[in-house]
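**Q** Chain by chain, the residues:
2 protein chains.
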Amino acid sequence: MSTLSTIDTPAALIEQARMQHNIARMQQRMNELGVRFRPHVKTSKCIDVAKAQRDAGAQGITVSTLKEAEQFFAGGFTDILYAVGMAPHRLPHALDLRRRGCALGIITDSVESARAIAAFGRANGEVFDVLIEVDTDGHRSGIRPEEDALLDVAHALHDGGMRLGGVMTHAGSSYELDTPEALRAMAEQERSGCVRAAQRLRGAGLPCPAVSVGSTPTALMAQALDGVTEVRAGVYVFFDLVMRNVGVCTEADIALSVLTTVIGHQAEKGWAIVDAGWMAMSRDRGTQKQKRDFGYGQVCGIDGKVLDGYVLSGANQEHGILSREGAPDADIAARFPIGTRLRILPNHACATGAQFPEYHALSEEGALKTWGRFHGW
Amino acid sequence: MSTLSTIDTPAALIEQARMQHNIARMQQRMNELGVRFRPHVKTSKCIDVAKAQRDAGAQGITVSTLKEAEQFFAGGFTDILYAVGMAPHRLPHALDLRRRGCALGIITDSVESARAIAAFGRANGEVFDVLIEVDTDGHRSGIRPEEDALLDVAHALHDGGMRLGGVMTHAGSSYELDTPEALRAMAEQERSGCVRAAQRLRGAGLPCPAVSVGSTPTALMAQALDGVTEVRAGVYVFFDLVMRNVGVCTEADIALSVLTTVIGHQAEKGWAIVDAGWMAMSRDRGTQKQKRDFGYGQVCGIDGKVLDGYVLSGANQEHGILSREGAPDADIAARFPIGTRLRILPNHACATGAQFPEYHALSEEGALKTWGRFHGW
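Keeping their order, the protein sequence lines are chains A and B. Its first residue numbered 1, the first sequence is counted upward by one per residue in our numbering. Its first residue numbered 1001, the second sequence is counted upward by one per residue in our numbering.
Please note that a few of the clues may not be correct.
Chain A regions said to be covered by chain B (calculated; three or more residues, Cβ under 8 angstroms) [stated by the list, open to error]:
1. 81–88
2. 109–122
3. 270–279
4. 316–322
5. 331–341
6. 349–362
A few chain B positions that, by computed beta-carbon distances, are all more than 10 angstroms from chain A [as the list claims (entries may be wrong)]:
7. H1158
8. R1200
9. R1202
10. A1204
11. P1207
12. P1209
Please keep in mind that the hints were generated in silico from the structure rather than gathered at the bench. Note that the Cβ used here is the ideal one computed from N, Cα and C, for glycine as well.
Using the sequences plus the hints, can you model the full thing?
**A** As structure tokens, this is what we get:
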């Protein structure tokens, strides 16, 4: 039987009890706020994880690529929102998915793309479901709620014969905050901006059934979601050190870790060398500018307990440098002899997961199952 | 027929003419210096790329995981050095590879691992070929040339019945330098330290056939390699922006790029949004502390020509933010309309390549071929 002591390393480990706790926490919060929940499965890219989210009450999923849409559709998910601005060259693929029975929603934030979607839809006899992307925090894409372009895009879609599915936004700048007050304010900014965009559409006599918002920090910190119909969030399912620093989880909630083996030491420097380098952890250094910098990750024992002060302070492709913060640990070689197995909590679960072709899911009873994940586009 | 205008994006593109030029340049330099060349295939993890290196004169390959050893052995490569310190739990896999005919060399830098290798080898009637890892720049693993441990490890292997294959080192700190003088000095430090370790072994009556050194910057900048038998280097095959800043290539040498499509704009900010986010580019920000920071990459036209001053200034998972350095480009939407295809040169070719399940190799005639690459462990 596979165990944490026998599987090869590095390995991406999911502690199922923690994951289930995270899923239940988010779903309960959404139920309390009276909104549908549509998890973003770009974090896990894993059917087994998404099924656990659905079993807990999630309605539909959000994806970041059509490959994800394709794979989750094959895995039995039919209500899918592709939440990256539709590139016209991908319309034939989207059409194909819809013709095979996938209720695929798409998004846009420009008149140019809206016209391309409508023209392609009409040419192929397809009425696409299209949401308009709204910019509520200036961090990326979208149309600001008061911009003229909002109505121009809506008309290009609606008058062009497409189904105007509503508005959606993502306050990704919530990742840069770290106080409850700032997070609550950002959640309200995200909500009110998206609701305002919906009001403008409805005020112009246009349909706007869905008002979809979300990021893990704003979803968990929102005090009320009046006018919102649906929330999307992704990384909450695993959490990570960036989210710990944002303040929406603790280390004990982090469900994804990298199992690693000590392969050597530089004892004079207080270093243990492990087989989790950046190829395993990813190059994500998201905690670098946060209130606590964890290097390439927080070190835990094989049992998942945090070894406070020990971090992955450096990384080459297949080598991680494990050291103690502050004064070097002169006993590092005795503390972590060659062959010692440890777990490393990641800065960013989405990036770390993507380095692995599969997860090893650990049950409360200690059994390990292999869960596949998708790679590439 | 697939073309750069029709394949889906993001895509990892190899410009074959540039790659062949890089391969020829390195091989010619090695021939001039009178050493064998054993490329590190962790950069490409691609059989087609490694075959081009072999066809140019490379003798054997270097790998960073046993998965790579396994896959390249299946692809017809038999002389393989696994250049990460041997973890005892991987010995059965190494044994299995050798029994199937793979001339797999392994490395170690501790008495503890050396004894484990010897004990396992004797118990299984196998004489492993083992090189001792030497630390010539303090950046990672290895035994310093003058340390007592060097002879202790050598005796543990030799007296334990294993074949002492020689010494090897990697001056990875060369990546932090950026002047010819400093690089030449580091190349000499790498050479002399490794040769010194070999002399100590031979002085003690121990065999030391191979003296193996290398990193891309030191391999290209070494003035002489007296006493060295073999050089290893990896990233030179593609080069990248980090190597451009180190000073061993120009942008025009970089053979790997990410083909991307413009999917939107924030015109007031001077942003174009492209479908190459960090999932495509990787989170590697290796140029951040170098003489020129390229953000997440240098923007080029679809023809591969550098668009000076345009970089990927930000990245989310599937969104890249493309902007001009300095003053925002007020004409960004007209310059790069939706659907425009561009290429992004990566900070770090090893990290960017790893995000993709395959490469698209572009011939000088403009034909595209798909070359697979390995993922995971």
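**Q** Take the hints in turn and mark each one as holding or not.
**A** Each hint tested on the structure:
no.: 1; hint: 81–88; result: holds (count 5)
no.: 2; hint: 109–122; result: holds (count 5)
no.: 3; hint: 270–279; result: holds (count 4)
no.: 4; hint: 316–322; result: holds (count 5)
no.: 5; hint: 331–341; result: holds (count 3)
no.: 6; hint: 349–362; result: holds (count 7)
no.: 7; hint: H1158; result: 20 angstroms, holds
no.: 8; hint: R1200; result: 19 angstroms, holds
no.: 9; hint: R1202; result: 24 angstroms, holds
no.: 10; hint: A1204; result: 22 angstroms, holds
no.: 11; hint: P1207; result: 23 angstroms, holds
no.: 12; hint: P1209; result: 23 angstroms, holds
Hint compliance for this structure: no hint is broken.
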